[in-house]
Structure formats: C-alpha cells, structure tokens
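In case you want the letters, here they are:
Protein chains: 2
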Amino acid sequence: MASVEDLKQQIEALQRELCQMKASSSGGAREKIEKMSSEVVDSNPYSRLMALQRMGIVNEYERIRQKSVAVVGVGGVGSVTADMLTRCGIGKLILFDYDKVELANMNRLFFTPDQAGLSKVEAAAKTLNFINPDVKILTNNYNITTVDSFDMFLNAIKTGGVEEGTPVDLVLSCVDNFEARMAINTACNELSLNWFESGVSENAVSGHIQFIRPGETACFACAPPLVVAENIDEKTLKREGVCAASLPTTMGIVAGMLVQNTLKYLLNFGTVSDYLGYNALIDFFPKMSLKPNPTCDDRFCMERQKDYAARPKAEVVEEVVEEDTPLHEENLYGIELVAEDETQGAQPSTGTPNTISSGLKLAYEAPAVTSHSDTTPTNAVGDDVSLDDLMAQMKSM
Amino acid sequence: MASVEDLKQQIEALQRELCQMKASSSGGAREKIEKMSSEVVDSNPYSRLMALQRMGIVNEYERIRQKSVAVVGVGGVGSVTADMLTRCGIGKLILFDYDKVELANMNRLFFTPDQAGLSKVEAAAKTLNFINPDVKILTNNYNITTVDSFDMFLNAIKTGGVEEGTPVDLVLSCVDNFEARMAINTACNELSLNWFESGVSENAVSGHIQFIRPGETACFACAPPLVVAENIDEKTLKREGVCAASLPTTMGIVAGMLVQNTLKYLLNFGTVSDYLGYNALIDFFPKMSLKPNPTCDDRFCMERQKDYAARPKAEVVEEVVEEDTPLHEENLYGIELVAEDETQGAQPSTGTPNTISSGLKLAYEAPAVTSHSDTTPTNAVGDDVSLDDLMAQMKSM
Numbered sequence: 591m592a593s594v595e596d597l598k599q600q601i602e603a604l605q606r607e608l609c610q611m612k613a614s615s616s617g618g619a620r621e622k623i624e625k626m627s628s629e630v631v632d633s634n635p636y637s638r639l640m641a642l643q644r645m646g647i648v649n650e651y652e653r654i655r656q657k658s659v660a661v662v663g664v665g666g667v668g669s670v671t672a673d674m675l676t677r678c679g680i681g682k683l684i685l686f687d688y689d690k691v692e693l694a695n696m697n698r699l700f701f702t703p704d705q706a707g708l709s710k711v712e713a714a715a716k717t718l719n720f721i722n723p724d725v726k727i728l729t730n731n732y733n734i735t736t737v738d739s740f741d742m743f744l745n746a747i748k749t750g751g752v753e754e755g756t757p758v759d760l761v762l763s764c765v766d767n768f769e770a771r772m773a774i775n776t777a778c779n780e781l782s783l784n785w786f787e788s789g790v791s792e793n794a795v796s797g798h799i800q801f802i803r804p805g806e807t808a809c810f811a812c813a814p815p816l817v818v819a820e821n822i823d824e825k826t827l828k829r830e831g832v833c834a835a836s837l838p839t840t841m842g843i844v845a846g847m848l849v850q851n852t853l854k855y856l857l858n859f860g861t862v863s864d865y866l867g868y869n870a871l872i873d874f875f876p877k878m879s880l881k882p883n884p885t886c887d888d889r890f891c892m893e894r895q896k897d898y899a900a901r902p903k904a905e906v907v908e909e910v911v912e913e914d915t916p917l918h919e920e921n922l923y924g925i926e927l928v929a930e931d932e933t934q935g936a937q938p939s940t941g942t943p944n945t946i947s948s949g950l951k952l953a954y955e956a957p958a959v960t961s962h963s964d965t966t967p968t969n970a971v972g973d974d975v976s977l978d979d980l981m982a983q984m985k986s987m
Numbered sequence: 591m592a593s594v595e596d597l598k599q600q601i602e603a604l605q606r607e608l609c610q611m612k613a614s615s616s617g618g619a620r621e622k623i624e625k626m627s628s629e630v631v632d633s634n635p636y637s638r639l640m641a642l643q644r645m646g647i648v649n650e651y652e653r654i655r656q657k658s659v660a661v662v663g664v665g666g667v668g669s670v671t672a673d674m675l676t677r678c679g680i681g682k683l684i685l686f687d688y689d690k691v692e693l694a695n696m697n698r699l700f701f702t703p704d705q706a707g708l709s710k711v712e713a714a715a716k717t718l719n720f721i722n723p724d725v726k727i728l729t730n731n732y733n734i735t736t737v738d739s740f741d742m743f744l745n746a747i748k749t750g751g752v753e754e755g756t757p758v759d760l761v762l763s764c765v766d767n768f769e770a771r772m773a774i775n776t777a778c779n780e781l782s783l784n785w786f787e788s789g790v791s792e793n794a795v796s797g798h799i800q801f802i803r804p805g806e807t808a809c810f811a812c813a814p815p816l817v818v819a820e821n822i823d824e825k826t827l828k829r830e831g832v833c834a835a836s837l838p839t840t841m842g843i844v845a846g847m848l849v850q851n852t853l854k855y856l857l858n859f860g861t862v863s864d865y866l867g868y869n870a871l872i873d874f875f876p877k878m879s880l881k882p883n884p885t886c887d888d889r890f891c892m893e894r895q896k897d898y899a900a901r902p903k904a905e906v907v908e909e910v911v912e913e914d915t916p917l918h919e920e921n922l923y924g925i926e927l928v929a930e931d932e933t934q935g936a937q938p939s940t941g942t943p944n945t946i947s948s949g950l951k952l953a954y955e956a957p958a959v960t961s962h963s964d965t966t967p968t969n970a971v972g973d974d975v976s977l978d979d980l981m982a983q984m985k986s987m
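Heads up: the protein sequence lines correspond to chains A and B, in order.
If you're matching positions, the first sequence starts at 591 in my numbering and goes up one per residue.
If you're matching positions, the second sequence starts at 591 in my numbering and goes up one per residue.
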C-alpha cells in the first residue's frame with residue numbers, strides 16, 4: 591500500500607503538470623494597452639500602424655479607438671473583416687450571426703477545426719479578444735430578419751457607438767442572402783447610417799463592395815436584384831446536395847477591400863470607393879457610382895433623399911477638410927502618394943490632397959482623365975448618369 | 591492530518607482535471623482525409639472547393655494535391671499565403687524564414703500573441719498542420735541569402751515536388767528585401783522555375799505581384815530597382831527607431847492576389863496576370879507585361895531567353911490545352927464566366943475558353959479591346975513594347 595508520503599508526492603507532481611498545462615493554454619494572451627504608442631520595439635503591437643502617421647498617410651491614427659463598427663454576418667468575409675479591424679485596434683466591434691462553425695467552412699480563413707459546432711459569434715469573439723484585448727467586442731447571436739430580432743438589431747446599431755447611446759460609426763454587411771441585406775438597408779435608411787454592402791458570387795470567382803450613404807447614393811432597394819424585386823423566396827432557389835463554391839482568396843480580397851475602405855472612411859485618408867468589383871478570372875476591378883432612385887420603394891430612403899437635397903453642400907465638404915492634411919514630418923522611405931482622381935465620382939465624405947508635395951513620388955499613375963469618357967474600361971460612371979441610363983447599359987451588355 | 595482516503599480522492603480529482611485539459615487542448619484537430627469528396631455535408635472541409643467543378647470553374651480540383659509550392663518569407667504576406675494554400679488543400683508547402691514572431695507583427699493576420707518569440711516557420715507549420723493535416727508542410731529556418739544556405743534553398747526547391755526528387759511547381763516570394771528577391775531570382779533562373787514576386791510598399795498603401803517565367807518574361811535582374819542596380823546595402827537605408835508601416839488589409843489583398851493567381855496557374859483556369867498592382871488610396875489595380883532584358887546581367891536569364899526563343903511556340907500552347915475545358919454538368923446558379931481578354935498580354939501557360947456557352951452570363955465586362963491602345967487606364971502593355979520604351983514612359987511620368 592502506498593505511503594502518505596508517496597501520495598503527497600504524487601499530488602505535487604500532478605499539480606505541477608496541471609499548472610504548466612494551464613499556463614501554456616492561456617499563455618501569451620497579452621495585457622491591455624492603455625494608449626497606442628509609436629515606439630519602435632518588437633513588443634509594441636501598434637508600432638506598424640502608428641508608423642502610418644510618420645509616413646504621411648493618416649493623421650492621428652489613435653482616433654480609431656473612438657470608432658465602433660457593426661459586422662453583420664461572421665462567415666468567410668465577415669470573420670476576416672472582424673479579424674482585420676481587431677488587429678487595427680478598432681475601439682468597438684459588434685458582431686451579428688446566428689450560424690454555427692462547421693468543418694465545411696475550413697476552406698476560408700479565420701475559423702479552426704476545433705471550433706466546429708460553436709456559434710460563429712462566440713468563437714469569433716474568443717479568438718478576437720485573444721488577439722487584441724483592447725477591442726471591445728459585443729456578440730449578437732440571432733437572425734436579424736425576424737420581426738423581434740430586427741428591432742434588437744436596429745437598437746444595437748442605434749446605440750452601439752463607443753460613447754454610450756450614440757450610433758455605431760459604420761455598418762458592414764457580410765451576409766450571404768438578400769433578405770438580410772434588405773433588413774440592414776431598412777435599418778440604415780431609417781437611422782440614416784452609412785453602411786457597406788459586400789458580396790461574393792456563388793461560383794467563388796467574383797465579388798464586390800458597395801458604399802451606401804442614405805439619400806446620397808443608391809440604397810439596396812433603389813436598384814434591387816431580380817430575386818428581391820420579384821419577391822421570390824431565396825430558399826426555393828437552393829437544392830438538396832448542392833452548395834455554393836467559395837475560396838479563401840476571393841473572400842480575403844473582398845474583406846480586404848471592405849476594411850481598407852472602412853479605414854479610409856473612418857480615418858479620413860485616400861478616396862473611399864462607392865463601388866468596387868473584383869473579377870478573379872481576369873483580375874479586373876470595376877468601379878462606379880450610383881445615384882439614388884427618385885421612386886425608391888423604401889420610404890426612409892425617400893426621406894433621406896429629401897434631407898440630402900436640402901443639406902447645404904458646403905457643410906458636407908466641411909466635415910472633411912478639418913482632418914485631411916497629412917503629416918509630412920519626414921520622408922525617410924520615399925513616400926508614395928497619389929493625387930485624387932476627380933473622375934472616380936464625387937466622394938464628399940473623404941479627402942485626399944490634390945497636390946503632391948515636392949520630394950514625393952507618385953505610386954501607380956491614376957487613370958488619365960481624358961480616357962474616362964462614357965464607357966471606360968473601368969466602367970466608371972459619372973454622377974450625372976441616371977439609373978435608367980445604367981439599366982439600359984447593363985441590358986445591352 | 592489528511593487520511594489516505596482523502597489523498598486518493600484528491601489524486602483522482604487532479605487526474606480528471608488534467609485529462610479534461612489535455613482533451614480540450616488537443617481537441618478538434620480533424621483526422622486526415624484520404625480522398626477529396628464533393629459531398630455536401632457540414633463535416634466535409636472540401637465541399638466548397640469541389641463545388642468549383644460543378645460551377646464550371648475548375649476541371650478536376652483534386653489535382654491540387656499533386657502540387658508543391660515553396661513560400662519564401664512567412665511574414666505579413668507569406669503567412670496568409672500559406673494559410674490560404676493550406677485551406678485550399680495544396681499537396682505540399684515548403685516554408686522558408688529565419689525570423690521570429692513578435693508582438694509588433696500582430697497588426698497583420700495569422701500569427702497570435704502567444705506565438706511571440708517562436709520561429710515564424712515553426713509557429714506557422716504548427717497552426718497550418720492543425721488547420722489541415724492533409725497538407726505536407728516542411729520548414730526551413732535559415733536565411734537564403736548566405737552562401738551555404740543558398741545552396742540548401744536551391745536544392746530544396748529543386749527536389750521539393752510532391753513526387754520525390756522533382757522540383758516544386760512554383761516558388762512564391764513573400765520577402766521584404768531586395769537581397770532575398772535576388773537570391774530567389776538567381777535560383778529560379780538557374781533551375782528554370784516559374785515564380786511569383788510580391789511586395790508591399792513601406793507606407794502600407796500599395797502592393798503588387800509579378801509572375802516571372804524565366805526566359806519568357808522579365809526576371810528581377812532584367813529591370814532591377816535602383817538600390818539593386820547601384821549595389822547599395824539596404825541595411826544602410828534603415829534608421830534606428832524607424833519602422834515601415836503595414837496594414838492587414840493591404841497584406842491580405844496582396845496575399846489574395848498571389849494565391850488566386852497561383853490557383854489559376856496550377857489548376858489551369860482564368861487568366862494569370864503577369865503583373866498586378868494595387869493602390870489602396872484610390873483602389874486602382876494596374877496591369878502590365880514585361881519582356882526580358884536582352885542584356886540582362888544574370889547569365890542564367892540569358893540562357894533561359896535562348897531556350898525560350900528556340901522553343902516551338904506550339905509546344906507551349908499544348909501544355910495547356912489538355913486540361914482547359916471546364917465541366918459544365920449543370921448550371922444551377924447562373925454561372926458567370928468571362929471570356930479571355932486577348933489584350934491582357936499572352937499567357938500561354940494558362941487557358942480560358944474564348945467562347946461562352948449559351949445560358950451563361952458574363953460577370954463584369956472585360957475592358958473593351960478598342961480602348962487598349964498605348965497607355966490605357968489599366969497600364970496594360972502589349973508584348974511588343976521594349977524595355978527601353980517602358981523606361982522612357984516611366985521617366986516621363
């Protein structure tokens with residue numbers, strides 16, 4: 591029979607092993623950081639982001655901590671979107687999804703096989719919090735298209751700002767169906783909240799992002815897809831044993847385009863694209879701008895259009911000007927800046943300096959102004975083109 | 591004093607806890623899968639990739655298991671590149687890096703704070719193996735630019751194919767300095783191996799990928815950056831307390847462009863871009879093709895140019911034709927295919943059908959052929975443009 595001394599030694603050994611296991615499983619989760627520092631040391635997770643200031647790209651990067659973004663849909667695009675925003679140190683993220691992680695999702699980035707079966711928002715929040723504990727992450731595990739949940743969703747984005755009771759700064763739609771897009775559209779029109787819509791085709795080789803500013807650009811109901819306009823139930827389109835294709839590449843690129851434009855919008859640098867498409871087969875990236883439909887079915891869209899028409903245009907520009915002068919302290923790396931291209935559609939919510947300081951060199955040349963007539967290769971559409979013209983153009987393709 | 595019975599109970603409790611800890615820490619790592627299946631069930635990690643066949647995009651997706659890719663540099667671009675290829679089920683990945691993970695890397699995707707201090711290749715291999723145990727992953731923890739290590743690198747890519755002793759199918763350069771790019775260039779010219787170069791600017795808002803086929807397109811030494819041409823030591827350009835900026839968005843997009851073109855090349859679909867740039871400030875994506883320099887300093891490049899000139903052009907085309915007819919079993923989702931745009935530069939190594947089957951609709955319109963004269967907005971440069979012409983054009987910008 592074992593002596594008491596033996597048993598005690600056994601207990602000590604087990605306790606040591608358990609202690610080591612616990613240490614290594616929770617190990618490395620970094621401490622919170624109160625203030626973003628630009629100090630160039632290996633232990634500073636923000637040094638490469640704060641360097642955007644020295645490079646003359648962003649003025650006062652730390653403003654990102656005052657921003658709150660809602661990510662609706664935490665799948666192939668939404669999870670990578672949340673990951674990027676978390677690593678950029680966004681102030682607050684509000685996640686919406688009601689789905690579970692499956693092994694069938696492992697062909698996209700972010701989720702890992704051990705998370706199969708967990709709710710997407712809970713699994714994502716755990717990983718994101720581990721990556722950057724400075725970001726406040728809220729999860730909402732429900733379907734925003736049901737009547738009750740829609741009200742909860744509306745209230746969550748209406749009061750989800752970094753400052754208690756203020757709305758979020760931006761809503762990002764990363765959902766995979768039209769019903770959810772319409773719900774987001776309805777909520778954002780009612781609250782007059784800017785949002786980005788995103789999508790990836792079912793054959794996995796194209797995608798797009800679209801910036802919707804209620805009253806100023808076309809909303810999702812202004813030019814609805816056929817399936818929405820004809821009130822077809824999407825579920826009737828899906829068949830047993832058949833699924834859409836997807837690729838981590840296409841979804842990663844669409845998430846990258848979405849978050850890059852989110853950063854440009856929130857931190858006032860570069861030019862935010864109204865619409866940016868991606869065709870993976872030929873690496874083609876069309877851009878365009880769409881005006882609102884003056885007979886849109888959404889009554890809040892019609893109200894926002896009236897608001898926008900009544901708003902003095904100078905006021906819109908003023909919002910930007912206060913922050914759009916980049917710092918040019920030094921030019922150690924041969925900074926590359928590109929002049930704003932006036933033909934890309936007016937984007938009053940952002941600003942890029944029109945002139946290039948001496949000593950700076952241009953990155954890729956922007957498309958020549960003269961080539962942007964009618965139907966240019968990038969499909970850029972001027973602000974003067976009506977929806978009817980566009981519809982006619984699309985039909986003739 | 592504790593009784594023997596108490597101590598035994600204590601031991602049992604500790605053993606139970608330890609057992610649970612061990613189970614949850616190794617939990618969820620999925621079993622290997624012998625053959626890729628297209629069955630549409632939640633537990634199949636390949637269903638969304640195999641769906642590319644039904645969608646008519648890829649012919650026999652499972653060929654990816656016969657492909658081996660070397661990823662040189664496992665940083666902001668390389669780690670995401672390896673992650674995407676792993677989730678796509680690539681046969682074999684060979685990773686090269688000699689750096690350690692730092693908290694300062696947490697502003698890009700992939701690595702997590704608990705990995706700080708670990709070697710990048712080891713940390714990456716562990717995560718990738720956990721995500722997809724079907725991929726064979728080899729790690730090489732050395733600097734490829736030293737004399738001895740260069741020989742090891744050359745040998746690793748010369749014999750690193752899925753079939754023992756054959757070369758890898760492709761080399762992806764994801765390094766952050768010109769010295770390493772020149773080492774890869776030298777090795778690939780000597781071995782006549784196709785490779786992609788990639789890069790992100792130090793201000794974090796532009797990037798590019800470039801497809802280099804020795805003898806057929808310009809190699810890295812054909813038109814070297816100034817710092818290489820003038821033999822400047824890059825280290826002298828860096829200053830204490832100053833670091834380059836970086837963003838997860840830009841790096842994720844560049845990795846996405848790199849892996850998307852890798853998939854198109856390895857699985858013969860779409861058109862592989864010779865050069866694809868990305869300007870984040872205005873969402874501009876220039877493309878071009880570069881011919882080799884007939885007086886290139888690299889003697890193997892000169893040999894490859896002779897080989898290429900001597901190669902009957904028909905043979906080059908033949909390599910492709912055997913596999914480039916996509917399956918069109920069904921068209922459940924309104925498949926979108928885009929015709930090859932002949933003006934994008936000849937890419938004999940890939941093929942897209944020139945005609946569109948009836949019932950298929952076009953995704954984004956390809957740039958109109960007529961608009962691709964001289965300096966088009968996408969900077970497409972025909973194969974007939976000489977390097978001198980290009981240099982002259984660039985100087986005049």
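Read the hints as simulated data drawn from the structure, not as lab findings.
Among the hints, erroneous ones may be present.
As the list claims (entries may be wrong) - So, partial list: chain B residues that the calculated Cβ filter (under 10 Å) puts toward chain A:
#	residue
1	M696
2	T729
3	Y732
4	N821
5	K825
6	I843
7	Y898
Glycine included, C-beta positions come from ideal geometry on N, C-alpha and C.
Status of the hint placing I843/B at chain A (closest C-beta pair under 10 Å):
With a closest approach of 4 Å, the I843/B hint holds.
Holds or violated: K825/B as interface residue toward chain A, Cβ cutoff 10 Å?
Result: violated, 14 Å to nearest chain A Cβ.
Measuring from the C-beta of T729/B to each C-beta in chain A, is the shortest one below 10 Å?
Hint violated; T729/B Cβ to chain A Cβ min 20 Å, cut 10 Å.
Does N821/B pass the interface hint, meaning its C-beta sits closer than 10 Å to a C-beta of chain A?
violated (18 Å)
Holds or violated: is the Cβ of Y732/B closer than 10 Å to a Cβ in chain A?
violated (20 Å)
Y898/B as chain A interface residue, shortest Cβ-Cβ below 10 Å:
Violated, about 24 Å.
Does the nearest C-beta of chain A fall within a distance shorter than 10 Å of the C-beta of M696/B?
Holds, about 4 Å.
In summary, the numbered hints that this structure violates are 2, 3, 4, 5, 7.
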